[in-house]
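This is what each chain is made of:
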Amino acid sequence: MTLPSIPASRRQVLIVEDQADTRAWLGQMVRSAFKDADIAETPSCAATFAWLKVHGARMAANSGAVALIDLGMPDGSGIDIIRELNARYPAILRVVTTIYDDDRHLFDAIAAGAQGYLLKDRHPDTMVQYLYRIDQGEPPLSPAIAHRMLQHFTQIKRQTVDPDSTCALTAREVDVLRLLGRGLRVVEAARVLGLTHHTVAGYVKVIYRKLNISSRAEAAIEAARRGLT
Amino acid sequence: MALWLPNRIIQATLLLCVAIVSLTLWTALHQPWLGLSLNLSPETQAITLVGIHPAGPSRGIAAPARLAAVGSVVLEPDDLVEEPDMFESYEQTIRFLRRQSAIANLLRQPDVSLRLAGGASGAADIVAVVKPASRPIGDLPAAFWVQLVTGVGTLLIGVFVLALRPADLATRLFALSGAMIALSALTAAVYSSRELAIDGSQFRILSALNHAGSLGFGMAMISLFLIYPRRLVPLPALWIVPAVFAPWLAADILRLAPTQTIGSQLPTLIEMLLIVAVVLVQWIVNRRDPRARAALAWLGLSVIVGAGAFVSLVIAPILIQSVPAIQQGYAFGFFLLIYAGLSLGVARYRLFDLSEWAFRIGFYTGGMLLLFAIDAALILLLQMQQATSLGVAILFVGFAYLPLRNTLWSRFVARQSLADHEIFRSVIDVSLANTAPERSARWRALLDKLFDPLAIEESGEAVSAVDVLDEGVELLLPPVADTSALAIRYPWQGRRLFSTPHQDLARELVRLLRYTEESRHAYERGSREERNRIARDLHDDVGARLLSGLYKTEIGDTHSVLRDAIADIRTIVSGLSVERPVLGDVIAALRHESGERLGAAGIDLHWPIAANDDSVTPLDYRIYRCFVSAHREAISNVIRHARARNVEIRVSEADGLLHITVADDGIGIDPVYAAGSPSGHGLRGIIQRVGDIGGNAGIRPQRTGTAVEITLPLTVCHLVDSRPDAHLDAADREKQTPVFEG
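Each protein sequence line maps, in turn, to chains C and E. Be aware that the first sequence starts at 1, since it is given in the numbering used here, and climbs by one per residue. Be aware that the second sequence starts at 1, since it is given in the numbering used here, and climbs by one per residue.
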C-alpha cells in the first residue's frame, strides 16, 4: 500500500506483517498509542523493500518514525528488513513484533539492529505501554534474551585481544544483564543496583546497540577471512 | 546317519550310474554284429532285412530281402521276439532260448553264412558270407536308449528323494522302486535291442533280473502306499507283500508255475490292481486331511497312470493272447512319468515333506556335472585339434576356458563367507529395519548368506535356545527379530555339517539381536511416553482452556482465556525445545512473567534473588509443567480475587523437593474460592495437578491475605504418576510379552 502525500510533521509508522488480521489489530494499537500517526502496511518482504525505495528517505526524515516488523514473512525473514533499515534509514525506530520472547530469531533480530520488541499476544493496553517505552529509548529484555546476550559477549571477550573495543560491555552493563537474566524487571534491577530506572533502561538500550555492533564486526571479520581464503 | 550327506549320496549314485551305463553299453555292444536291420513283417511273418549298415560287415548285400537262415539254423518268426516272457508256456521259452544259443554260437564264428530267400518272383536263394564285427554305438535302436534313460532316470530320482530323507521308510521304499525299475529297464534294454540273438544262458539271467525288477517295483510300491501318507498296517505286516510275491517270482524263474502267463504276467497285473486298491483305501482314510490327500492324489495318480499305462498297453494284451499295443521298449518310458510327476508333487504338495528347496541340491549337482563336462570338452577338443599351435591353445585356455570355469566354480562351489565386521553390520541392519516384516526378511537373508542352507523353515516346536540336531544336519534358532523359531537344514547346500563354532556363532547373533531389540523397545517406549505426555498436556491444558474460552460471553474474557492458552503453548514449546529445563532458568522466566502480570495489575512483586537462581538442577518435563502451571494459577488467583497490594514469592530446594510459597496481603481466602472456579482451574486445580505428580499443595490463611504453599518432587524416582493413562499401560503391556509374526 502506498501513502498519499503527507505533511512532514506527522509521525509515520510502517507495519510489516503478512497476516491481515494481525495487521489490522496492530494498526489499531498504534493508532491508540500515536493518535496522529500515518500508518503504512506492507504484507511481504518484497513489498517492504519496494515501499522503502520510494518512501524510505522521506519517512526517515520525519522524527519519530517507527517500523513494526514481523519476523516470520512468507517470502523471507524480517531480519533482512531490519538490516536494510539499519544500514539505509537508521533514523527509523526498528521494533520487532513476535509471539515468543525467548526465540532464537528474536536474538538474531536484535543482533541485526532491532531496537526493541513487542509481544503480539499481550493486551493492547500493555502493548501501547511497551511501545511508548521503546519510543523513549527503554526497550524490554526477557531473561532468555539477556542470557544469550551474556553468552555472546563472553564469547566475544574471549576471542578479541583488543580491550578497548567498542563492543565490549562495561562492568555495570554486565551487572544489568545478569540481573535481567534472573528475571528482574528494570525497576527492580535499578533498586538492586542503587540506580534510577532511567539509567538502567539506558544501559539496556546501549546493550542493544553493542550487540548490533559486535555482530556486525563479527560478520565483517568472517567476510574478510572468507575473502582471504 | 549324518555321514550320508545328500550330495555325497547323490555323487555316489552318479558314479554308480556311470558304472551301470558303461556295463550295459558294454554288454549290448560286445555282441557279434552283422550290420543288419531286421524286422518281422506282420503279413508274411518272415524275418526281413530292412536295412544294411553302410559301414557294417554286410555292406555288400542288397536290401530288402528275406533272411531265411543263419548257417544251419532256419529262422523262425519268434526268434526276433522282443520279450521272451510273452510266450504263453515255459516250453516255448526254453525252446526259444535253445535256438538263441545255437544262433549265437554260429555268430561267434569268424565267418557267418546268411541265406537270403528269393523274392516273390521266385529268384534263387543267395548265400552271403560276412565277418561279424563289434557293434558301433550308433547302431543301437531308439528303444534301447529309451530304456537306458528310463532306468538311469528312475534310479537317480529315487535316490535324490532318498538322499534328502534317508531315515524315512517311505523314501527308502520309493528309492527301492526306482532301483527296481532301473534293473528291469536296463536288462530289457540289452536283450530287446539285440540284432538277432544273444547267448541263451546270458539271456536267461537277464530275463530273470528283468522279472525280479518288475515284481520288485510292484512290491515296493504296494508297501509304500501301505504306509504313506498314513500308515495303514503295522510295520511287520509289510513283510506279507514279499512273502507273497517273492515265492511267486522264484516259481517263475525256476519255471515251476503252470504257464509263463501265470508265472510272469499275472503277478504284475495283480500287483497293479493291488496298488490301485491301496491308493483308494488311502484316499478314503485321509478324507479329512487335505494336505495328505493332495500329496496322495499326485503320487497315486502318477503311479497309476505311469504303471497302469505300461500294464494296459503291454502286459494286458499278452494276457488276452494279443500283441502288445506298443513296443515294450518304448512303453518303459511311462515309468519315467511317475518320477517326473514326483518332482511336481514335491514342489507343490510337499510330497514326502520335501519342498522347493529340494531342487537346489539338483542345481548344485547339475553345476558340478557342467564343470566336468567343460573339462572333458577341453580335453577332447585339444585331442582332436592336433594341428593347433600351442599359442592358440594357450589363448583359448586363458580367455575362454578358464574364465568360464571360474564363473561356474564360484557360482556352484565356492562358499560365500562373511567377515566378522560384515556379520556385525548385518546384525545391526536387521534390528534397525523399520517394520517387523522387514526385520524378519533381513534376518532370514543373513542366515541364508551365512550358512547357505538348502532349507530355512519355521520350526514346528517351541525353541528356547540355539541347538544343533541330527548330528549337525539341522540348526534350531529361537524366536528373534520378529520371526518365529527357525530350523535350518543342510548347510552349505548339503556339503558340510553344523558344528560347535557355528552353534556359538548363532548364539552370539541371537544374543546381539535380542540386546538391540531391547534397546529399541526401550527407546520406543520412552518416545511413546514423551508423546503421550505432550498429548496429555495439549489435551488437558490447552484444549480445556480453549474450550472454556468458547463459552465466555464477554469478548474480554475470551481474550484473556486465549492469552492463557498461548502462554500454555509457549511453556510447552519451551519445555520441548531443550533437553531438560534448568531450575534456575525456569525461576528467572517465572519471575519476569509474574512481575509483568502483577505490575500490570498494580501489584508489587517481591521475589528476591536467592541461591537457587543459580541452580542447574534439571527438571523433568512433567515437573516443569506442573511448576509453571501451578505458579501461574496462583498468580492469576491473586490478581483476580485477592485485591492485594503486594505479593511475596519464595522458592527453595531441599532434599530433592522444591518448595514454593506465594503469599499475598489481600482480603484472604474464601472457602467458596477454595472450592475452585467452575472452569476447573483455580486453587482446586492446583491441588489436583500437584497431587498427580506426587507433590503437595495447601492454602494457609495469614494475618492479612493468603499463602499458597506447594511442594514438588524434583526427581523422577520420587515421581508417582497416579493419573490413569490407558494408552501407556496398554502399550507397555504389549511390550512385556512379545508376539512375533512368522
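Worth flagging that the hints you see were computed from the coordinates, not collected in a lab. Be a bit skeptical, because a hint or two may be false.
Said to hold, decoys possible - For lysine to any residue, the following SDA-like pairs were computed, each having C-alpha atoms within a straight-line distance of at most 25 Å: (1) C:Lys120 - C:Pro74; (2) E:Lys552 - C:Arg122; (3) E:Lys552 - C:Asp121; (4) C:Lys120 - E:Ile423; (5) C:Lys35 - C:His55; (6) C:Lys120 - E:Ile270; (7) C:Lys120 - E:Gly543.
| Of the numbered hints stated previously, which ones are contradicted by the structure, given in increasing order? | Of the numbered hints, 4 and 6 do not hold.
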